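Here is what each chain is made of, one letter per residue.
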Amino acid sequence: MKIQILGTGCPKCIKLTENAEQAAREKGVEFEIEKVSDINKIMELGVMFTPGLAIDGQVKSVGKVLSVEEIKKML
Amino acid sequence: MKDRYKFLIVLGIFAIAYFIPIESIKVQKAILESFYMLQDYAQKHVLLCLIPAFFIAGAISVFVSQASVMKYLGPLANRFLSYSVASISGTILAVCSCTVLPLFAGIYRMGAGIGPATAFLYSGPAINVLAIALSAKVLGWQIGLARAIGSIAFAYIIGLLMSFIFRNDDMEKKKVQMVMPFDEPVLKLWQQVVYMASMIGILVFANWAKPQIEEGVWIFIYNIKWYLTGFFALIFTYTYIKWLKARWFIVLIGALAVIILAIYPGYPQLSFSVGIVFLIYSGKISSDMTKTWIESTWSFTLMILPLLFGGVLVAGFLLGMPGMNNGIIPNEWVARLVGGNSLWANIFASVIGALMYFATLTEVPIVQGLIGSGMGKGPALALLLAGPALSLPNMIVIRTILGTKKAFVFFSIVIILSTIAGMVFGWITS
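Keeping their order, the protein sequence lines are chains Z and P. Take the first sequence: its letter number 72 is residue 72 in the numbering used here, and every next letter is one higher. Take the second sequence: its letter number 148 is residue 148 in the numbering used here, and every next letter is one higher.
Bound-form chain Z, shown alone (with noise of 0.2 Å):
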């Protein structure tokens, strides 16, 4: 499963990686975590209101820092 977070580097992209990287572990799947933080890749998928996640290419949430029962969920 392949994990993206989508953001520029502020504060809150950072939070959202460390819940994901501890939902994706709580859940015991097997994953890899992609920053990505150059903004026309961030644009191509769609996503203006940072962060954003996307699992398996696919953008989940967007402007929202979520808390690793909510990343859990969308797993």
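Derived by calculation from the structure, the hints in this document are not laboratory data. Everything numeric in this text was worked out from a predicted model, so none of it was measured. Check each hint, because a few of them may be wrong.
Stated by the list, open to error - Covered by chain Z, according to a simulated footprint, are these stretches of chain P (three or more residues, beta-carbon under 8 Å):
1) 104-115
2) 396-403
Claimed, not checked - Restricting the straight-line Cα-Cα distance to at most 20 Å, the calculated cross-link-like pairs of lysine to any residue (SDA-like) are:
3) Z:Lys12 to P:Met303
4) Z:Lys2 to Z:Glu30
5) P:Lys2 to Z:Thr8
6) P:Lys291 to Z:Asn19
7) Z:Lys60 to P:Gln66
8) Z:Lys60 to P:Ala67
Glycine is no exception: its CB is placed at the ideal position from the N, C-alpha and C atoms.
For this one, chain Z is given, so just place chain P on it according to the hints.
Coordinates of chain P only, in the frame set by chain Z:
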């Protein structure tokens, strides 16, 4: 942050600590001065001005639906509306520069195009509620107001110029659908307006400065300012319990404590602090809405306050307290470069402002220090207008989005317009 940047920071701090001529009287004075300046901010600006502004910024990011704003900036939006919304939506959308750039790129590539996008890019960082509140409080309401109005007017002009110059732009629009935040707004529009207005009322009247001329309506408002603040606080308390489902019992205890402390011993800052403590506590234990609000307020505070205090220390060290000549940089230098209201001073201020990176709000103490060291009012406004929208690092990102030619035209327009505005403002106020 990448490790090599962290290393550079560590190296820089080490080099300063190693080489600073601490025995020199001038350096000692400047260090002392930077702490005087920090204390001045802590005493005068934090409790009554910054903290309410943080709560407002937090409320905006939680309760105001960003998607509702983007509706007016989509590819099919009415042109007049899209320029207007782009120019003023910075108050709602952008509180830190890291949210401005993705929104700008999105409006440009997926939405209303280069005009509204550059209008937003320009006005966004300058007209957010924190920036206006602090500039008005520290630098005087004239500059605060001129900054807000100037930014909105300029956003229009810049957007229109950009879309005129590049009217034959053949960049193909991305056929990507914008992904909107999914959640429904928790408050109705009029409720959002009343809720924000009650807090803005508290912010404005609690900070109402004593007018220089002791007559007329200004002094009258000044004399009753705490009653007005209290009036807005009552509206706020009511809506906080009623709409946000705050636990009324705790809120009432808090309100009572604030009122009693306001009567005796009558220190506004004490009442305010107690009120804030109760607000945070009741928010933490009430509903999900209040909890997210407190959390987002906290994350703004954590992001901005340390940088601001750092900026105040640096400004104090380099430039000294206003009116003194105790900073490391002699006042004559500042006066020579940006004193008065010459064309050269205004150009210089605009260019420096455009290149330098100001973390959110740090432009305020720096401009304050510069004015105190002899900078003219015109160049000060020029710096404030060119400053927050541009910096060397974000110029690089803007270039990757717009391409070299458009980016260069954008930078030039900003610098030229800021210079003109500085000249005009300097001429009006002198």
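Checked hints:
1. 104-115: holds (count 5)
2. 396-403: holds (count 3)
3. Z:Lys12 to P:Met303: Since the Cα atoms of Lys12 (chain Z) and Met303 (chain P) sit roughly 10 Å apart, the hinted pair holds (cutoff 20 Å).
4. Z:Lys2 to Z:Glu30: Roughly 9 Å separates the two Cα atoms, so the pair holds.
5. P:Lys2 to Z:Thr8: Holds. Lys2 (chain P) to Thr8 (chain Z) sits at ~13 Å (cutoff 20 Å).
6. P:Lys291 to Z:Asn19: holds (18 Å)
7. Z:Lys60 to P:Gln66: It holds: about 17 Å lies between the C-alpha atoms, which stays within 20 Å.
8. Z:Lys60 to P:Ala67: Status holds; Cα separation ~16 Å.
Hint check: no violations occur; every hint is consistent with the structure.
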